[in-house]
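Participant: Given chain A, work out where chain B should sit, using these hints.
2 protein chains.
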Amino acid sequence: MRLMRRPKGMLAEGDLVLGEEAVPEVREGQALARVKYLSVDPTMRVWMATDSYLPAVKIGEVMRGGGLAEVIESRHPQYKKGDKIVGMTGMQEYVLIDAQAKMPYQKIPSIPFVSDTLFLGALGVTGITAYFGMMDVGKPQKGETVVVSAAAGATGSVAGQIAKIQGCRVVGIAGTDEKCKWLTEELGFDAAVNYKHADWKEKLTAATPNGVDLNFENVGGEIMEAVLSRMNLHGRVVLCGFISGYTKEEPAQANLGMLIVKRLKLQGFLVLDYVSRFTEAATELGKWKMMGKLKDKQTVVEGLEKAPEAINMLFTGANMGKTLVKI
Amino acid sequence: MRLMRRPKGMLAEGDLVLGEEAVPEVREGQALARVKYLSVDPTMRVWMATDSYLPAVKIGEVMRGGGLAEVIESRHPQYKKGDKIVGMTGMQEYVLIDAQAKMPYQKIPSIPFVSDTLFLGALGVTGITAYFGMMDVGKPQKGETVVVSAAAGATGSVAGQIAKIQGCRVVGIAGTDEKCKWLTEELGFDAAVNYKHADWKEKLTAATPNGVDLNFENVGGEIMEAVLSRMNLHGRVVLCGFISGYTKEEPAQANLGMLIVKRLKLQGFLVLDYVSRFTEAATELGKWKMMGKLKDKQTVVEGLEKAPEAINMLFTGANMGKTLVKI
Chain A
1 MRLMRRPKGM LAEGDLVLGE EAVPEVREGQ ALARVKYLSV DPTMRVWMAT
51 DSYLPAVKIG EVMRGGGLAE VIESRHPQYK KGDKIVGMTG MQEYVLIDAQ
101 AKMPYQKIPS IPFVSDTLFL GALGVTGITA YFGMMDVGKP QKGETVVVSA
151 AAGATGSVAG QIAKIQGCRV VGIAGTDEKC KWLTEELGFD AAVNYKHADW
201 KEKLTAATPN GVDLNFENVG GEIMEAVLSR MNLHGRVVLC GFISGYTKEE
251 PAQANLGMLI VKRLKLQGFL VLDYVSRFTE AATELGKWKM MGKLKDKQTV
301 VEGLEKAPEA INMLFTGANM GKTLVKI
Chain B
1 MRLMRRPKGM LAEGDLVLGE EAVPEVREGQ ALARVKYLSV DPTMRVWMAT
51 DSYLPAVKIG EVMRGGGLAE VIESRHPQYK KGDKIVGMTG MQEYVLIDAQ
101 AKMPYQKIPS IPFVSDTLFL GALGVTGITA YFGMMDVGKP QKGETVVVSA
151 AAGATGSVAG QIAKIQGCRV VGIAGTDEKC KWLTEELGFD AAVNYKHADW
201 KEKLTAATPN GVDLNFENVG GEIMEAVLSR MNLHGRVVLC GFISGYTKEE
251 PAQANLGMLI VKRLKLQGFL VLDYVSRFTE AATELGKWKM MGKLKDKQTV
301 VEGLEKAPEA INMLFTGANM GKTLVKI
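For the protein sequence lines, the chains are A and B, in the order given.
Residues in the first sequence are numbered consecutively from 1, following my numbering.
Residues in the second sequence are numbered consecutively from 1, following my numbering.
If we strip away everything but chain A, and leave its shape as in the complex, we get (with noise of 0.2 Å):
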C-alpha cells in the first residue's frame, strides 16, 4: 500500500493506494517475511503529511509502519523460516529483509497464554512508549494524581496502568461511556471522564479533588488546556502526543500562561531515544503482564484494504486499545 498524495484532514480514498506487485526474489543474505499484522499507530499520520522527528514517507513509496510477520523463506543468517519477528515491515504483504536494514526487526519469542500480536501493542512499542514516558519522564510518585488523555488508546491505557502500579491515583480522559468503563472496571483507573459529555470539565475537577501532579498528554488542544487548569503547582507534563492535531491544517495550538502561573514543568519525549533499553522496558512490562497486573485490548481490522479505515478510526475514536490491521 503506497502514499500517493498527502491526506488532508482524515485519509480520503486515493491518499493510500494497494497495488499488486510481484513477491521480490529471495537473493544471498535476504530474508522473506509473510506480514500478518500491521500496528496502525496516530503518529503514521504525521509520517504522511510532514517531515518531523522521521522524513516524511515520500510520495509514491510503500507506507511506513510497524508490523508483524512470519519469515517464510530465508538466506539470512540471523534468520531462519518460521521466525515471528517485528518491526518496520511497512504497510504491505511481504516485506523482504536485507542484510543492512536500517531499523532492525526482533524476533519474538513464544509464550504460553501470551498471543504474538502483543508484542506490537502492550509488550510492543506501544507499551515501550507508555513505560519509558511514564517511568522515566514523569516518574509518577505514590500517592500523586495522575491524568492520562487518550487514556483508552494502545498508550494511554499501558500509561495509566503503569501509574496504578506505581500507587497513584489515575484519571483517564476518553470519549466514549464504554472507553470510560473499561478503564474503570477492568483496567482499574480511579476514574474516567468522558470529554464528548458537556459537563467533562466538572467531572475531572470533582475526580481531581487533590488537583493533578502529573499529567501524561496524548491529546492537546482544549483537553490539555483543562488537565493544566487543574494542575497542582510544580506539577510534570510529559509530552507524547498531540493527537488532537494531527489530521487538521493547523497544528495543536495551547495556551501556555498556566504553564507560568503553576511552575509547570513540561517534557517533549520519543520513544526512539530509548531503543537501547527497550529489553529492559519489555522485561519490566512482561513481568506485569504475567503478574496480570497489564492489561490490554486490541481493536482488530481485517484485510490490508481496510488499513486507511482502520487509521482514520484513531481519528474519530472508534477504537479500544491497540488497533492492528490483521492481513
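Honestly, I wouldn't trust all of these hints.
A pair holds if it fits inside one copy or across any two, identical chains being indistinguishable in the list.
Computed cross-link-like contacts, SDA-like style, restricted to lysine to any residue with a CA-CA straight-line distance of at most 20 Å [claimed, not checked]:
| id | residue 1 | residue 2 |
| --- | --- | --- |
| 1 | K8 | N255 |
| 2 | K265 | L233 |
| 3 | K326 | T299 |
| 4 | K265 | S52 |
Since the hints were made in silico from the structure, they are not lab data.
All of these numbers come straight from a predicted model, not from anything done at the bench.
Facilitator: Relative to chain A, chain B alone:
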C-alpha cells in the same frame, strides 16, 4: 492611582485614574514613606486583567506595583526617618507601612556609585528574576547557545548578561535596531536580531549556527515558535513571561509539536518562589555589577500621571532596560 476598569488591549484613559486623597495619619506601629520611583513591569497588565499567580487587582483598589520609597515619618520599630526601602508600594505617592504588611519591604543600602533605582532593576526583583530563571531553571553550560527574547527589557538584558558570564554564546531578540546595538555593543551579546525586520528568522538562523540549547522566553507566540524551530534536540526552555499575549483577548498560543519532535524540556517559574533566596541573588548580582560585568539602562518617565503611558511602553516596545516612573 486606582484601577477603575479592566483594560482591553493597551491601557486607555479611565482604566487607571489618579485622584487626590488625604495623606494617612501615622499611628503607633506604622510608618509613612514617600514613593520616589515606581517599577513598571509587564506582569502589572496581567494583574489588571485576571486572577493569575496573584489575585487580580480589584476594581477601585490602588494599582499594585513595586516602588522605591523614603521613610518620612516613623512610629514603626523597624524603620526610621530617612530609610530607603523597596517593596510593593502600590502606584501612589505615599504609602503607609503597617506592622503586619503582607509583603515585607527591604531596606536598601547606600553604595557609592550605585544609584538607588538599581534596586528596582538589575539588583531588584527584575534582576533576581533573571538570576533564578537563568541559574536555577535554565542552568546554562559553558559553550552552549542561549537565546533571550525581549532581550533589551529589564529581565532579558540581565538574563543574557548572566548567560555571557557563564561562558555561553548569547543571542538576543529585540524590536529596534537601537536595542540590538545596545545588546551587542554594550552588553556583550554575541548577536542580536530585530524581529521587526522581514528576514529576522533567517538572521536568527545565521546567528545560531550550532542551534539553540537554551531559550529564555519572555514573549511567547510567533517569536517563541521561531526559537523552538532552532532548538537542538533535548534543549531547555525557561518560561519567564509571554508579553505578546498580555494585551490580547486571546492569550499567547504556541504550537507544541516541536516540543515532542525535539524532545524539549520547558519549565515555567516565578520569582515569588525564591523569596527566601533573594539575598543570594542580590549578592551575586551586586558582585557582577561591581566587577563591571553587569550593565543596565533605565527608561524613566516623569510624573505619576504618566504611569499608564509608561506601562503601555512595555507593549509598544518604546522602553529600553528597566522602565521606571519618577514621582
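Participant: Determine for every hint whether it applies to the structure shown.
Facilitator: Each hint tested on the structure:
In this homomeric assembly, K8 and N255 come within 20 Å of each other (Cα to Cα) only across copies, at 19 Å, whereas the closest approach inside a single copy is 25 Å. Taking the closest pair of Cα atoms, K265 and L233 come within 20 Å of each other both inside a single copy (10 Å) and across two copies (17 Å). In this assembly of identical chains, the alpha carbons of K326 and T299 lie at most 20 Å apart only when taken from the same copy (10 Å versus 69 Å across copies). In this assembly of identical chains, the alpha carbons of K265 and S52 lie at most 20 Å apart only when taken from different copies (17 Å versus 23 Å within one copy).
Of the hints listed earlier, there is not a single one the structure fails to meet.
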